[in-house]
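Chemist: Each chain, written out:
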Amino acid sequence: MSSMETEKFDLGAYLNDFGRLKTEEPIHPRKRTILRAGMPPSGQSAFDEGTRTLYPEGLIIATFPTKIPPEALPMIVGPSFRWRRPGIGHRVAALLRGSEIDFIADPDDHEAAWSAIHAAYLINEVDPNAMISIRAGRSTARDPRQTAQQRVEPSRQIPGRRAAFPDPFSRSYPSYPLYQDDEASRVVTAEEWLAEQTNLDRAHWSYVTNFLVLGLGLFTRICKPADNTGQILDAVAPSIAKIIKNELLNGLSELAHPAAMQRFAELAESTEAQRLVLFDQFFNAKKPEDFRPTLGDGFICGSSFGTDLDVIRRARYSLPMLSALIGVGAVQVDFDRRIIELTPEGRRVADILANCLDIREYQTVIIDCLAGRAKESRLEALEGWIIRHFELLKLELAKLDV
Amino acid sequence: MTDEAFDLEAYLASNQKLEFDPELARETITFIPGDPPPGFNPTLAGEREAKVFYVNAILDSASLNEAPYEMYPFIPPTILRWRGISARKRADIASRLLNSRIVYDETHPRATIDTNRDLAWSRVLIWYLVTTIAGNVPVEVRRDGDHVGTTVMADDLIRASDKAVMSLRNSFMTNFGAIGMRIVQAHMPTQRPDLEAFTASVTPGVRKFIRDCSGWSSFAAETSERPFKSFDLWVSHASWLKILFAFGKSTEPQRSVLFHELTKAERHEKIVATLGDSVVSDTFVHPDRGQVLRNRECGGFILEMIVRGFVAVDMEAKTLRLTDEGHSLIAAFSPLEESFRYWEFIDRDDDTVDPDRLPSAHAWIIEFFTAMKKIADEVVPNKDATE
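Protein chains in written order, with the numbering used here: chain R, 1 to 402; chain W, 1 to 387.
Source of the hints: derived by calculation from the structure; they are not laboratory data.
Among these hints, one or two may not hold up.
Here are the simulated lysine-lysine pairs, DSBU-like style, with alpha carbons at most 30 Å apart [as the list claims (entries may be wrong)]:
hint, chain 1, residue 1, chain 2, residue 2
1, R, Lys224, R, Lys394
2, R, Lys286, W, Lys163
3, R, Lys287, W, Lys17
4, R, Lys245, W, Lys270
5, W, Lys264, W, Lys249
6, R, Lys286, W, Lys208
7, R, Lys224, R, Lys287
8, W, Lys249, W, Lys270
9, R, Lys375, W, Lys318
10, R, Lys286, W, Lys270
11, W, Lys264, R, Lys286
12, W, Lys51, R, Lys287
13, R, Lys8, R, Lys399
14, W, Lys208, R, Lys287
15, W, Lys264, R, Lys287
16, R, Lys375, W, Lys208
17, R, Lys286, R, Lys242
18, R, Lys242, W, Lys270
The structure displayed is predicted, hence computed values, not measured ones.
When you get a sec, could you build the whole thing from the sequences and use the hints?
Modeler: What follows is the structure, given as structure tokens:
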């Protein structure tokens with residue numbers, strides 16, 4: 001986009017309007033409304049007026065402002081969502097306004113932080129002064145397929161893109177602390193609650209937004225899409241093929257998650273033995289949770305680390321991320337040698353990214369944060385890291401033009 | 001014409017008989033792969049038409065380590081043993097095998113198998129059970145994808161390559177049980193490690209395994225004279241030595257993840273380990289050979305090493321490390337590491353041994369354990385030889 005076009009683009013107005021959840025006015029008498037973490041159980045609605053129970057993840061979905069011109073990037077953006085279904089906004093707002101609101105999540109829920117940002121954002125949009133009682137409670141059965149969908153830019157995703165990810169380890173992992181150590185529940189305003197989560201969520205939205213514009217450009221300019229995807233799909237288990245198919249066809253969005261670039265950097269540093277096992281696991285996994293590769297010395301049996309080695313987090317989406325890297329042509333499957341490795345073009349991308357700060361610096365802070373180990377100052381510093389990372393990437397893109 | 005052709009005598013004779021098919025009255029005995037769930041005995045209740053047995057609950061590996069030490073190393077025949085079931089139950093199974101129609105049913109709803117490797121092991125067990133007791137008799141086999149069972153002779157239940165891998169496995173375990181165990185026991189700490197905190201931190205399934213290990217192991221100054229113990233089977237398996245060597249080359253991050261796995265997995269079979277660059281995500285890998293052997297279930301072997309005191313759990317640092325005894329055990333075995341070729345003989349895709357390579361595998365066994373015996377004799381001088 002030229003600078004002329006940039007001038008025409010009203011960035012302030014665009015961002016101000018972006019992600020607004022527009023509602024109408026009707027007011028119910030004051031009653032208790034319960035917001036639950038996770039997605040509603042199968043067959044149940046995310047919006048049950050009868051029991052006044054809402055599942056925020058089932059009502060709104062993350063969205064990223066990817067129309068920002070590249071000239072305006074890198075920049076920091078806050079979280080933004082849109083309604084999943086048109087026309088539901090006023091009914092949700094009517095239920096929430098004037099309600100006593102409870103948010104119930106299992107403190108051990110691996111994805112509780114993701115639910116919390118949905119809930120805080122939703123309530124804040126309706127009434128920033130609403131009081132929310134955050135309580136510990138057993139979450140309803142979380143459908144990992146549905147929660148996984150919301151981790152990436154929604155405009156590029158297809159419903160039902162993933163098979164279920166039942167993870168027997170999920171409860172064993174520390175989660176983003178919803179509660180202080182000495183309290184089982186607490187009361188905050190929607191505005192305060194959203195502010196608490198701002199640093200983590202600004203980092204995520206900023207990274208993804210910048211990557212969707214700049215990072216994807218790097219991959220698509222250098223790499224050629226894989227030409228043996230049919231052979232790959234024929235060779236994997238049907239449940240895995242379904243996941244891979246979606247990523248191969250629509251894989252670019254999955255690359256925007258910082259963990260995908262972390263896997264890419266780790267694969268670039270992996271040993272031949274690890275890549276042989278990667279191939280074997282990829283083509284012999286019956287379920288996504290069977291896929292637990294080891295890449296380098298930082299991603300071991302499907303887990304990665306925070307700053308300290310005792311902060312370990314299971315990466316549950318490695319298989320679709322690897323599929324996306326294959327789809328974009330950065331990683332290839334060599335059936336003759338039974339190995340998965342970087343393509344020459346992928347190696348070039350990896351070398352370029354290596355000049356733009358190591359993504360693992362960013363991810364380490366995020367993992368620490370999700371384990372309740374990162375101080376706010378480290379999260380705040382991430383914004384500087386993101387800007388610097390994408391500035392350097394932009395310089396590298398400019399070199400390609402030359 | 002018609003009257004002349006009709007054999008009236010034969011017609012009347014056949015109608016005089018009360019015909020029946022004795023096969024239809026024969027009892028059926030059915031074996032299914034896997035182990036019974038907790039609380040079940042090897043016989044499944046509630047099967048009216050047939051007795052159904054879990055074949056894995058009937059037989060187990062055998063380590064022939066009670067021959068005079070001077071006899072080792074040697075190549076034994078493939079031998080399995082009863083797996084702790086009563087004499088009456090053995091007699092019941094044997095009697096039924098001799099008198100019943102035999103069915104091996106992998107499609108049975110109560111079959112419990114996790115991987116193809118488990119299934120292969122169950123097939124070896126049923127092959128051994130039937131051929132040893134009933135001989136080469138017909139067996140009806142029902143496998144996944146079969147609409148109806150097919151009848152095969154018992155000796156054809158497994159392939160020649162399965163029999164070859166059994167021979168290699170049995171040979172290794174037999175010789176390691178006699179020779180390698182001397183070295184292992186000579187390096188074991190005299191006192192049990194204190195595993196109270198660690199045991200409390202694991203899941204009930206893993207805790208049970210640790211308890212079982214502790215029950216089997218012995219820490220007194222027992223050496224090669226002590227009677228056979230089933231627990232030694234874990235140590236005698238070639239995976240144990242492979243994992244011991246790999247643990248010696250593991251990195252700190254790998255051990256941290258392993259600690260995490262040990263404390264979080266529901267069962268020891270679910271633990272996934274990476275140790276150095278030869279055990280990657282529970283897979284034995286050798287890049288030069290392009291060899292990848294998946295699902296090695298390293299967790300049980302690691303836990304066994306912890307119980308024996310070769311690997312210590314650092315609860316504070318949340319990691320594992322070799323104990324002094326573990327270091328010296330690896331040092332003792334280290335002259336053999338380069339020549340530890342066991343896994344070279346295993347085929348990548350189906351965990352078998354090419355029968356044509358079995359003679360060279362047997363030759364390697366003799367050579368390897370002759371070298372190991374020299375180490376064992378240095379570590380634990382043979383009492384008979386010294387007297």
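Chemist: Take the hints in turn and mark each one as holding or not.
Modeler: Hints, one by one, checked against the model:
A C-alpha spacing of about 21 Å is found between Lys224(R) and Lys394(R), which places the hinted pair at or below 30 Å, so the restraint holds. Between Lys286(R) and Lys163(W) the CA atoms are separated by roughly 28 Å; this keeps the pair inside 30 Å, and the hint holds. Between the alpha carbons of Lys287(R) and Lys17(W) the distance comes to roughly 60 Å, so the proposed pair goes past 30 Å and is violated. A threshold of 30 Å between alpha carbons decides the hint, and for Lys245(R) with Lys270(W) the separation of about 28 Å falls inside it, so the pair holds.
Between the alpha carbons of Lys264(W) and Lys249(W) the distance comes to roughly 23 Å, so the proposed pair stays at or under 30 Å and holds. Between Lys286(R) and Lys208(W) the CA atoms are separated by roughly 28 Å; this keeps the pair inside 30 Å, and the hint holds. Proximity of Lys224(R) to Lys287(R) is assessed by CA-CA distance (about 29 Å); at most 30 Å being required, the pair is judged to hold. Among the hinted pairs, Lys249(W) with Lys270(W) is consistent with the structure: their alpha-carbon atoms are about 22 Å apart, no more than 30 Å.
Taking the CA atoms of Lys375(R) and Lys318(W), the gap is about 22 Å. The hint holds against a cut of 30 Å. Simply put, Lys286(R) and Lys270(W) have alpha-carbon atoms about 15 Å apart, close enough for the 30 Å limit, and the pair holds. Our distance criterion of 30 Å between C-alpha atoms is met by Lys264(W) and Lys286(R), whose separation comes to about 22 Å. Straight-line distance between C-alpha atoms of Lys51(W) and Lys287(R) comes to about 34 Å, which puts the hinted pair past the 30 Å bound.
Pair hint Lys8(R) plus Lys399(R) holds up; C-alpha atoms about 27 Å apart against a cutoff of 30 Å. A C-alpha spacing of about 27 Å is found between Lys208(W) and Lys287(R), which places the hinted pair at or below 30 Å, so the restraint holds. Restraint check: the Cα-Cα separation between Lys264(W) and Lys287(R) comes to about 19 Å, which is no more than 30 Å; the hinted pair holds. Among the hinted pairs, Lys375(R) with Lys208(W) is inconsistent with the structure: their alpha-carbon atoms are about 40 Å apart, more than 30 Å.
Proposed proximity of Lys286(R) and Lys242(R) is supported: the alpha carbons are some 12 Å apart, at most 30 Å. Of the supplied pair hints, the one linking Lys242(R) and Lys270(W) holds, its CA atoms being roughly 25 Å apart against a limit of 30 Å.
Going down the numbered hints, you'll see the structure goes against 3, 12, 16, while the others check out.
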